[in-house]
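Build out the structure end to end from the sequences listed, making use of the hints.
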Amino acid sequence: MKKALLALLPLSFYVSAEIEISGSAGVEQRYFLQDPLDERQDRSQISAFLQPEIYTDFNDGLDSILFSPFVRVDQHDDERTHADIRELLWLRVGDDWELRTGITKVFWGQTESVHLVDVINQTDSVEAIDGEDKLGQPMVNLSIIRDWGTTSFFLLPYFRERTFPGMDGRLRPGLTIDIDNPVYESSDEENNVDWAVRWQHSIGDWEVGLSYFDGTSREPDLVPVTQDEQTLLRPFYPQMRQTGVDILAVVDSWLFKFEGIHREVNGDDFVAAVGGFEYTLVGVMDSIYDIGWLMEYQYDERDELSPTPAQNDLMVGSRIVFNDVDGTEILIGYVQDLDEADSRSGFIEASSRISDNWKWRFDAWFFSGAEDQPFDPLYQIRRDDFAELTLEYYF
Amino acid sequence: MKLAKTFRLLNCLLLAGGLLAATSYAQTAQEKGLEIAKERKARDLGWGDSTAEITMILRNAQGQESERKMRTKTLEIDNDGDKGLTIFDQPRDVNGTAFLNFSHATVPDDQWLYLPALKRVKRISSRNKSGPFMGSEFSFEDMSSFELEKYEFTYLRDETMNNMDMFVLEQKPVDKYSGYTKQVVWIDKEHYRPHKIEFYDRKNSLLKTLAISEYKLYLDKFWRPLRAEMYNEQNGKSTELITHNFEFRTGLKDTDFNKNTLKRAR
Chain A
1 MKKALLALLP LSFYVSAEIE ISGSAGVEQR YFLQDPLDER QDRSQISAFL QPEIYTDFND
61 GLDSILFSPF VRVDQHDDER THADIRELLW LRVGDDWELR TGITKVFWGQ TESVHLVDVI
121 NQTDSVEAID GEDKLGQPMV NLSIIRDWGT TSFFLLPYFR ERTFPGMDGR LRPGLTIDID
181 NPVYESSDEE NNVDWAVRWQ HSIGDWEVGL SYFDGTSREP DLVPVTQDEQ TLLRPFYPQM
241 RQTGVDILAV VDSWLFKFEG IHREVNGDDF VAAVGGFEYT LVGVMDSIYD IGWLMEYQYD
301 ERDELSPTPA QNDLMVGSRI VFNDVDGTEI LIGYVQDLDE ADSRSGFIEA SSRISDNWKW
361 RFDAWFFSGA EDQPFDPLYQ IRRDDFAELT LEYYF
Chain B
1001 MKLAKTFRLL NCLLLAGGLL AATSYAQTAQ EKGLEIAKER KARDLGWGDS TAEITMILRN
1061 AQGQESERKM RTKTLEIDND GDKGLTIFDQ PRDVNGTAFL NFSHATVPDD QWLYLPALKR
1121 VKRISSRNKS GPFMGSEFSF EDMSSFELEK YEFTYLRDET MNNMDMFVLE QKPVDKYSGY
1181 TKQVVWIDKE HYRPHKIEFY DRKNSLLKTL AISEYKLYLD KFWRPLRAEM YNEQNGKSTE
1241 LITHNFEFRT GLKDTDFNKN TLKRAR
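One line per chain: the protein sequences are A and B, in this order.
Oh and the first sequence: position 54 is 54 in the numbering used here, straight run, nothing missing.
So the number in the numbering used here is just where the residue sits in the second sequence, counting from 1, plus 1000.
Hints are computed from structural coordinates only; laboratory data are not their basis.
No experiment lies behind these values; they were computed from the predicted model shown.
Think of the CB as a built atom: it goes at the ideal place given N, C-alpha and C, for glycine as much as any other residue.
There's no promise every hint is true.
[What the hints assert, rightly or not] To give a feel for the contact side, a few chain A residues facing chain B, derived at Cβ under 7 Å:
#, residue
1, Val73
2, Gln75
3, Phe107
4, Glu207
5, Leu255
6, Val284
7, Asp324
8, Asn357
[To be verified] Below 30 Å or equal to it, Euclidean Cα-Cα: the simulated DSBU-like pairs (lysine-lysine) are:
#, chain 1, residue 1, chain 2, residue 2
9, A, Lys105, B, Lys1259
10, A, Lys105, B, Lys1069
11, B, Lys1253, A, Lys105
Right, here's the structure in full:
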């Protein structure tokens, strides 16, 4: 952590604020195991990223400012070469309230395999296939903290479009996504003011959350359109109203997790849910290893029309924690569609420290889609199995 | 005859009375053990809250070192375990990760972990607390606060160690999920501070020895060790825990220990 002294000189008095700079940077090499479907794509892809974090607080720590830009440069894909402001946030803290103004990221939910209730931030889908990287969202967020839980109000004045790989990138559908011409249901387009409210509380061994969102859906419909004799997929962002519930219960070494949503969108409505458990064995066979077993069932009422593969699927996984000095961890997962035997995916995520500042990370994914389900997102990326090695530096 | 009978009866009564007196005045080893533990706990009541900076030095059997740095905030809770917030600074990849713990005497602790990259607060299961803390020789169990209800105590003997008169106590964890069958603790008679603890694993063989040193007095009443070294007798690894900048009664309140403060802990 580098600490620099910045002297601020307001009109009549002298204040010195300490600025903390931290962050991470890395180089990532991807290697695809099969030849691409499209000749514009490559089998090897290298990229680098940088995400510094600049922080300062004042007013005895009651006010703080955080700035965290992000940039990635990719060897082939112009769309994956991108920059974002992950955070530019002013936080003001009171006795039993917090006010966040600016750009930031919010996470809602409890499950591991899909994140249904988490709808505040847009997915930065060029970053990683698991959808856990998010774009910074402009907001005003007031949280009220009481004995009966935390209630948070969100005003979201600006919408962020989802990122998609370009034609030179892999892990994309066969048709070109018309990234530059998104269509909105709202006449205010990306300036539609969205709002949301969430209540979250810990009650003994239970974590309970309820949420409501009204605004532009972060999940676009990819609508086929013909333009200059070419078929394009145009992102359409409808308005939606979503009610969500998320629950976690701790029972001995078991964690039971559930998320459910009801969404009104495009003049229709549907429910989706995910639920399961994580069971952790500590000190397996007199070793210092921990092994966790995960299982989650994913349901989406939209069935085959669902833009996600998670409509009637089962995820099984295992998390192995070595508890060593280097913090080595391995997570293995497998998702099987219960309707289509050929629709499945699997992944391995492993990481370990090399030194206090350096870390390696290894990720591998494989995908398989059913031929009679050409619009299954997994079928679109069936040839995009890959292994990825990342070397990360933390400062 | 009559006299003899009366005499015998009197004899019996005297004997019974003597036995009774013996049981009420001579303490059992369990009673003495509990009494010492109670005094240890009583002398450490009323400190309120504290903050500290901690360095952990992990050493393997070959002597290679690795360093952890963290900051802690602790709040004393009447009639329950302490509340604690730990913020990790080093190694750098865990910078910003924070850990919230509501410890309890008889039921599992409530624990949450904040993962800054995902902005996610995760509730974690504390049932099994025998796992290592940050890859060190300390387990989560070793890091939790001392509560009377967690053990059954037995006084073993007196001993002199480091030129101090000590009680030697055995404490058996009540929780079946504990990683230990028993602990043997050396407590000095003057201030009731632990100086050495031996930890016995589930096979009842000596697993680890903790040496506690450099006690410093705070608020004229509360002794805190600035150094503790856990040595693993079975694999030769050790972890040294060094505490800097202890501060007491810093004004921390119950509202400083929740998932919201965990998320913005710095």
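Query raised in the report: At a threshold of 7 Å, is the proposed contact between Asp324(A) and chain B supported by beta-carbon distances?
Result: holds, 5 Å
Query raised in the report: With 7 Å as the cut and Cβ atoms as the points, is Val284(A) at the interface with chain B?
Result: Constraint on Val284(A) not satisfied, violated at 10 Å.
Report task. Please verify that hint: Glu207(A), Cβ, nearest Cβ of chain B, below 7 Å or not. Result -> holds, 5 Å
Query - Closest C-beta approach of Leu255(A) to chain B relative to 7 Å, hint status - result: It holds, given that the least Cβ distance between Leu255(A) and chain B is near 6 Å, below 7 Å.
Report task. Would you settle whether the hint for Val73(A) is holds or violated, based on the nearest Cβ-Cβ distance to chain B being less than 7 Å? Result -> violated, 20 Å
Query raised in the report: Within a Cα-Cα threshold of 30 Å, do Lys1253(B) and Lys105(A) meet the stated pairing?
Result: holds, 27 Å
Requested in this report: For the pair we were handed, Lys105(A) and Lys1069(B), check the Cα-Cα distance against 30 Å.
Outcome: holds, 27 Å
**Report entry** Holds or violated: Lys105(A) to Lys1259(B), with C-alpha atoms at most 30 Å apart
**Finding:** holds, 16 Å
Query raised in the report: Is the interface hint for Gln75(A) satisfied, with its Cβ closer than 7 Å to some Cβ of chain B?
Result: This hint is violated: Gln75(A) lies away from chain B, its Cβ roughly 24 Å from the closest one there, beyond 7 Å.
Query raised in the report: Would the stated hint for Phe107(A) survive a check requiring a Cβ distance to chain B of less than 7 Å?
Result: Cβ of Phe107(A) sits 4 Å from chain B, so the hint holds.
Query raised in the report: For the hint on Asn357(A), does the least C-beta distance to chain B fall short of 7 Å?
Result: Where the cut-off is 7 Å and the nearest Cβ of chain B is about 5 Å from Asn357(A), the hint holds.
Checked against the numbered hints above, the structure violates hints 1, 2, 6; every other hint is satisfied.
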